[in-house]
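Asker: These are the residues of each chain, in order.
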Amino acid sequence: MKILLAPLDPVHDAGLKLIKRKLEVLGYECILLPPDITVEEIGEAALAEKTEMIFVGRTVGYGVEQLFQRVKEVLTRQGVFGKIRVAIGGMAVNDELAKSLGFEAGYGPHTRIEEIHALIERNPELALHITHPVKEKPVFPFPHDYEVKIPETKTYLDQIVDGILDWVADKTSPGVRRAQITEAQLQDVHGSVENYTALPFTPDYLAQCDQSVADFFQKNICPPSVRQITQDEVTAYLRRIDIAKKNFHPRVLQHERKKPLVFVQYGTGCPMMDGMHIKVSESWGADGVLHFDPAWGARTEGLLDGFLTNAEDGTPVTYANLSLIKRSLDRATLWTVRAHRGLNTPEIAVLSGFLGADLTKINIGYGSICGGTDPARLTVDGVEAMRIAARYKMAFDIPTNEELAGVPPHKAFAGMLIMAQLGRRLGAKPILKPLLCHGPFIMVQGLMEQNYVDYNFAKIRALQTIADFPIWPGEPIGFMTHDEEKVKSAATTALHAALCASLGVDAVTTASTDEAFSRGPITSAGRAGALHGIEETFRFFGETDIAPGVRVKDWTEKLILEINQTLKAVAAAPSFVEALYAGILGNKEDGVYPGRAGKNSVVSLTPPKNLGRWDLHPVAVRKKPLARAKPARSAATAARRCR
Amino acid sequence: MTTARDTIVDALDIESFLLCESEKEAKELIAQLMQSLGLARHVIVSLDFNGPGAHFRVRAYMNKPGDNYTWLQK
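Taken in sequence, the protein lines are chains A and B. Just so we're aligned, residue 948 is where the first sequence starts under our numbering, counting upward by one. Just so we're aligned, residue 786 is where the second sequence starts under our numbering, counting upward by one.
Hints in this document: simulated from the structure, not taken from any laboratory. Any given hint could be a false lead.
Stated by the list, open to error - Derived Cβ-Cβ restraints for the label pairs, each shown as a range:
hint	chain 1	residue 1	chain 2	residue 2	range
1	A	Gln1106	B	His840	53 to 59 Å
2	B	Ser821	A	Thr985	47 to 53 Å
3	B	Asp852	A	Gln1016	54 to 60 Å
4	B	Lys809	A	Leu1508	48 to 54 Å
5	A	Glu1259	B	Lys809	17 to 23 Å
6	B	Ser807	A	Pro1090	16 to 22 Å
7	A	Asn1194	B	Leu832	45 to 51 Å
8	A	Ile984	B	Asp852	54 to 60 Å
9	B	Ser807	A	Thr1144	57 to 63 Å
10	B	Asp791	A	Pro1090	46 to 52 Å
11	A	Gln1016	B	Glu806	19 to 25 Å
Note that the Cβ used here is the ideal one computed from N, Cα and C, for glycine as well.
Starting from the given sequences, assemble the full structure and let the hints guide the process.
Answerer: Structure representation (structure tokens):
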């Protein structure tokens, strides 16, 4: 087929040159007219060359409608229009304008060659992967060998993991018991979100719960700020979701590199608002989403049930809420439900696994020194949650947001590596989640005064040197570098994402452009804004790497040394739990302290001498303070925002 | 009958640049503006005063989490 390409600008014909090159690759014969021609000359050339199609391009935007009206008039007068197919393109052109003027199609600045090819061949299938992309759920985490590469580090980690498993072997907790009860009950659950029937919570379950949970089930008393969503609201919401799914054409953020995957954290308080934010995030390219629950949920024994909305941050974890959110997800979206920090850790892992979550989140260290849960309790519950994660084939990530309280990265990383090795031992797939942030320790030490690149570079390089675990910076990337001004906020998120791409990590969690705005809820537009920024930045850098500065090598080596010193100190403690109480992984001077929720709730399973069953005894954890591994460093406690 | 306003998922942001001589004046003008648009319940998300005036973004929440959402009404 012979195609005429005609620029109607005095000088700008780059777009048509580009189209010519690509169409010729596809086998078309193209004739490109020079710039600065008249409309009459276009028609004459088309007739003389016997072309079957004409593309007329106009880069300059003003007066474009009047110009193309004249093009149509002249070509009609010449007997071209109607005989030869004519399409138009340019900065101010779109398909709507073109068709309103009678042209076959119109193309704006983001047109892909596949779309033009589809038009020429009158075959929309040729552009379907561009106009209607279908995303497949990636197998995540990506392959890694999970080997600790530094022998000294491996020795300490194995020693600590052995100790943890020994320590928990004869212990249980109300959280573990509830998880067992819930898991048994879930096998009998039938029904759907359209006709939801509450889980059959038994007296045995309620006996393991706080009074507020018992009041909810027995007296229908909701916690403050929580209300029950009606079935009518759910029905109306599902209609909205079905409409959203019908028109769903997901963007793909990655350009040349296929990673990192991009996750968005939700937890507006309401599962229906979450669902809308999820649909926006999926549409604008997010590969996965993370469920955040309210802080009070982590400090309450037992979970509520039903469709519940919370007027504050964090969406209550209930079987019904998670089911509603699951129903909202696209099939390609990776779904994470965090379990890690509170008194319901094993039970949330059970619900998440049962409902088909791809991932969960567990960090005993963070949850107990920064999340408010007693270290002994969370050690018992955390190990159980990892076992559950392994059973349901959920990978789990290990957040290190204790950095936001002021804990130095090497302590946070030491705790994270312990969790990773523990998870691996229990048959799960752990994911390291370092925080790329301008946190208090980094501020006080002045480690990012020159740039945000080098110290983050050193953090990731240190982890990559120590072990081959998946790495997923969050939550979110660029924490404490954001601004209330949305362009600045999107820019810092996007540049951190580009840095992560350059470092070869597996995934990132992105902020919205509302990250620094704290006087109201995050908006759906803010989610789309940040994803736009990431898309453009991935396009900008492609496969080009960001180069590390001269300080990175020294900082990397220092971090590895300090991580090993911390692990050595933990290994030397009587137990991992006592290391947590003693502050080896973060102390009050760092801005953190052992949590109190669930204190004295761990019970020992000891075989009694003369009875045929095991008995339960409260466990006493030694209160004697341990010598600290290192002199405490000063750290800012400002801006504590542990998640 | 559903209005365009009812279809807003959560908030309406207005971003612009207004001429003024101080941040305080900018805030007063933004309040006036939002009042005139019938958006009395608003919050300034960002405000940057310099030189000729202020670059601002102001937000009116239509639906907050936990509300009876207008986009769920028939």
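Asker: Each hint needs a verdict: does it hold in this structure or not?
Answerer: Hint check:
For Gln1106(A) and His840(B), the hinted distance range of 53 to 59 Å is satisfied, since their beta carbons lie about 57 Å from each other. Here the CB-CB span from Ser821(B) to Thr985(A) is close to 50 Å, well matched to the stated 47 to 53 Å. Against the hinted window of 54 to 60 Å, the Cβ-Cβ separation of Asp852(B) and Gln1016(A) comes to about 48 Å, which falls outside the hint. A hinted range of 48 to 54 Å holds for the C-beta pair Lys809(B) and Leu1508(A), which are about 52 Å apart.
Distance hint for Glu1259(A) and Lys809(B): a CB-CB separation of about 31 Å, inconsistent with the stated range 17 to 23 Å. Between Ser807(B) and Pro1090(A) the Cβ separation comes to about 59 Å, which falls outside the hinted range of 16 to 22 Å. The supplied range of 45 to 51 Å is broken by Asn1194(A) and Leu832(B), whose beta-carbon atoms lie about 36 Å from each other. Separation of Ile984(A) from Asp852(B) is about 59 Å and conforms to the stated range, judged on CB atoms against 54 to 60 Å.
Separation of Ser807(B) from Thr1144(A) is about 60 Å and conforms to the stated range, judged on CB atoms against 57 to 63 Å. Here the CB-CB span from Asp791(B) to Pro1090(A) is close to 48 Å, well matched to the stated 46 to 52 Å. Distance hint check: the CB atoms of Gln1016(A) and Glu806(B) are about 47 Å apart, inconsistent with the given range 19 to 25 Å.
Consistency with the previously given hints fails for numbers 3, 5, 6, 7 and 11, ordered from lowest to highest.
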